[in-house]
Amino acid sequence: MKWQHALKDYQLYLKIERGLSQNSIDSYALDIKKLICFLEENNIGLSPITISPEVVQGFIYETAKLVNARSQSRIISGLRSFFNYLVFEDYRTSNPLELIESPKIGRKLPDTLSMEEINQLIGEIDLAQETNGINIGERNRAILETLYGCGLRVSELINLKISDLFFDEGFIKVTGKGDKQRFVPIVPITQKYINIYKNEVRTHPKQKIQAGFEDTLFLNRRGKQLTRAMIFTIVKQLAEKAGFKKSISPHTFRHSFATHLLQNHADLRSIQLMLGHESITTTEIYVHLDKSHLTAVVEKYHPRK
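Taking the numbering used here, the leading residue of the sequence shown gets 1, the next gets one more, and so forth.
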């Protein structure tokens, strides 16, 4: 079996059997491609079936010189998953990463913004800003209000459809990782800014809408779906304008959404459902950000308080 053939089969497995998003599939594939490049550069003619633990260990050793512990751990995890697939399909009898341990890494707490910082960042938006006669200021405000107001991932935001908006019921339908759908409550203030954009900017005569994007909510000036990179650029420019020193990304709004809910005594299970976390252990990281929440719960509910 050749590497490219094995990689193609594995990507198909990730898509069909595990239901992963294209971004996740590409990330897994990148780890395997790095191993393939290592073999080619060192003239090591081993296939996915014959590669030994020693060769994989050599690749990881060289990779460790170039990346941090977190990236190294992710690469090891990706390769372990790939070879587990080959074992599952009976191409191999064992996984060459069985005895290879991932480096110890601390649990990184996400950066968050206070409510005042959220308001400050959104306040930096020039609501009169236009590009080719289209008001992108109002669009950008609606984008940031939606990121924060609904706790969305960037991929979920750019894929949001007009047909996903159920404002009368107070919800939006979000398509998350693995194409799993969930309904997320949307507050009136977020609805207000989306409606301003949708009804006044998106319908402007100068806003062209390309075929296939008629139902896409947030559009670029050419009438197509916004890219992830464009959302990152919008946030980065506003953070610089506001003079923020901390690292800010679109995901910071999602972390802030969850943290603020917890601080206002929302329960973890509800936050998990709104964020679309498959496991509540992922949601539990926000408890580490605000340990006062745990104290408040004990003081309020413990029978011997």
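Please keep in mind that the hints were generated in silico from the structure rather than gathered at the bench.
Where hints are given, some of them may not hold.
Listed next, the in silico BS3-like pairs over lysine-lysine satisfying Cα-Cα at most 27 Å (straight line) [unchecked claim]: (1) Lys2 <-> Lys15; (2) Lys208 <-> Lys180; (3) Lys198 <-> Lys161.
Here are the simulated distance ranges between beta carbons [claimed, not checked]: (4) Phe167 <-> Ser47: 54 to 64 Å; (5) Gly58 <-> Ile162: 47 to 57 Å; (6) Glu62 <-> Glu98: 17 to 27 Å; (7) Leu273 <-> Arg70: 51 to 61 Å; (8) Lys208 <-> Arg70: 39 to 49 Å; (9) Ser114 <-> Gly45: 22 to 32 Å.
From the three backbone atoms N, C-alpha and C, an ideal C-beta is built for every residue, glycine too.
Open item on the list: For Lys2 and Lys15, compute the direct alpha-carbon distance and say whether it is at most 27 Å.
Closed with: 20 Å, holds
Task: Verdict for Ser114, Gly45 (Cβ pair) under range 22 to 32 Å - done: Hint violated: Cβ distance 57 Å, outside 22 to 32 Å.
- [ ] Evaluate the given range 54 to 64 Å for the C-beta pair formed by Phe167 and Ser47.
- [x] 55 Å, holds
Open item on the list: Check whether the Cα positions of Lys198 and Lys161 lie no farther apart than 27 Å.
Closed with: Status holds; Cα separation ~11 Å.
TODO: With 17 to 27 Å as the target window, see if Glu62 and Glu98 comply at their CB atoms.
DONE: 20 Å, holds
- [ ] State, for the Cβ atoms of Leu273 and Arg70, whether the hinted interval 51 to 61 Å holds or is violated.
- [x] 28 Å, violated
- [ ] Check the following: the C-beta atoms of Lys208 and Arg70 are separated by a distance inside 39 to 49 Å.
- [x] 42 Å, holds
Task: Beta-carbon spacing of Gly58 to Ile162 - inside the hinted bounds 47 to 57 Å or not - done: Holds, at about 52 Å.
TODO: Decide if the proposed pair is consistent with the structure: Lys208 and Lys180, CA atoms, cutoff 27 Å inclusive.
DONE: 30 Å, violated
Going down the numbered hints, you'll see the structure goes against 2, 7, 9, while the others check out.
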